[in-house]
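Each chain, written out:
2 protein chains.
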Amino acid sequence: MTETVHNWEDHGYLATYIKKNGSFANLRIHPHGLVLVDLQSYNDHIKGREEVDQLLNKVEERMKELFHGNIKRVKRLPAILRGGVIDRYWPTADGRLVEYDIDEVVYDEDSPFQNIKILHSKQFGNILILSGDVNLAESDLAYTKAIMGSGKEDYTGKEVLILGGGDGGILYEIVKLKPKMVTMVEIDQMVIDGCKKYMRKTCGDVLDNLKGECYQVLIEDCIPVLKRYAKEGRMFDYVINDLTAVPISTSPEEDSTWEFLRLILDLSMKVLKQDGKYFTQGNCINLTDALTLYEEQLSRLYCPVEFSKETVCVPSYMELWVFYTIWKKQTDI
Amino acid sequence: MTETVHNWEDHGYLATYIKKNGSFANLRIHPHGLVLVDLQSYNDHIKGREEVDQLLNKVEERMKELFHGNIKRVKRLPAILRGGVIDRYWPTADGRLVEYDIDEVVYDEDSPFQNIKILHSKQFGNILILSGDVNLAESDLAYTKAIMGSGKEDYTGKEVLILGGGDGGILYEIVKLKPKMVTMVEIDQMVIDGCKKYMRKTCGDVLDNLKGECYQVLIEDCIPVLKRYAKEGRMFDYVINDLTAVPISTSPEEDSTWEFLRLILDLSMKVLKQDGKYFTQGNCINLTDALTLYEEQLSRLYCPVEFSKETVCVPSYMELWVFYTIWKKQTDI
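Protein sequences, first through last, are from chains A and B.
Residue numbers are given in the UniProt record's numbering: position 221 of the first sequence equals residue 221, and the series is strictly consecutive.
Residue numbers are given in the UniProt record's numbering: position 186 of the second sequence equals residue 186, and the series is strictly consecutive.
Here are some, though not all, of the chain B residues that point toward chain A, as calculated from beta-carbon distances under 7 Å:
1. L14
2. I18
3. F24
4. P91
5. C313
6. P315
7. M318
Honestly, the hints are just simulated from the structure, not real lab data.
From the three backbone atoms N, C-alpha and C, an ideal C-beta is built for every residue, glycine too.
Next up, chain A with everything else stripped away, as it sits in the complex (with noise of 0.2 Å):
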């Protein structure tokens, strides 16, 4: 084992102990009393962290020996694993680290569009992480409930248009509701040819044909759809946009994701009939700001709309998320 050694002047020391297998450690400590052990080594299997645990309890005991046991706290945290085939983190929306149990990378492919994965985890089932986002878990039944409504509305005989959705939850769900016919809008073949294959616990085999007695799927960019459909004067009951999430930037000056948002929105209002209801995500519960710039952007379009909006549980996401329902605010005659 090789040590080096460096003194600051006024920042405590740094020690690294290599060892010849290619492992290494660093034991920093503070001068106003903070101790921090990293130990860093290749080829993590069980028995590895065995040796690693048994290790890291004689430092510790050491360390409780030479302060004759004064010692504040003590706290060990779990391996943080790397540079393997399966990746287990993935951060929260507000930034937080969170370890997932991942065991199977199931799909992995860049369509023109993103990066499409489908990873495997033991609790929640498959995964699909769009570009690094947890979208939708196989656990995540209460995401697809919360963006239809909560249970209260009643699609029977509706008029229902999809925004995204390739997942195909919430095709899945409402057209077991007897709806007259549910247009969905979805840019990526690629999402649905991956979930129709790997998250069958989400979308049944309702992604299996691209039209159903009740149902169509349009593999097409909803911007243009929206358009089409405003200009011929196409109303819906219920629009669900399962588009994005709420971007994450607090400065909408900055960039155009406000714009496109709103867009949206005001494409979304025109298709809506008088007494229809918009449902969408909004965003993690912690991220304040861009909730906020989210609500203000709906007084600022082209109709007066009002909504509500309801905090849920997504399994997989790790973190609390808003929904919304917004509507046309009636107008006394």
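With chain A's structure known, arrange chain B on it following the hints.
Relative to the frame of chain A, chain B by itself:
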């Protein structure tokens, strides 16, 4: 900046860069192409983080140039914050690293039985953490509902026994349902004191007095209480065990935790009416061995029992949790 480089014969190399302000970075390059960069600094305020992000952006750009864009995958993880007053890392029961949005230590005391922490989470409200285990947050009505039978039981006029439950959540919810009498047996007065002050979304005002119109709270070890009740022939319609998680140990021979669990179960069955129900939380769904061992205990009780289980998403747990319903097997007459 000081640079130290270590070359292994077969294991690549490690460069350590040390700055005058006490921060340092490790650059670990493995021969097969994995590059790990770890940056450690002290006094991490927002400005420090922005600087770090900019630095890492530069490193990433430079690496991409050096490798002519021939990099398969780049992943940057959120910083881990250690040594501060607030500890944001409370690993799941299945050992995964998860970061909570803790922003305040509300309560932190050692009772004669355990360490009691109540930490404030931006999204979950106050969280009760007993000896390092996340017990319940103010967001976790789903836990309380699940351990009460998921809304399928009629508590009106019933005799209920709660084992543990010091956060008051179960007591508060059942008292609303007009039971005949609820007896709660909690060993730790300090848990009650902490929760009645800081977990009021969970317990309401029910812990303000240890006796109410239809409930009483006994500050006692539940084992002698159960023995007394069994001896007296006192019977309950519902016994709700909210004591402790199923031990993680999968070697029941090696410790007596399973014996303890079985003792509680046996005594509970003795005070449970023939058509009564016993509810308890089990464990996280991923600890399948521990769940199986628990179910094996159920076949070893003094009387034959049957059980069902349900998997529930408890918001603050960040993992799915299994709850059990156990009842006495009805014998044909």
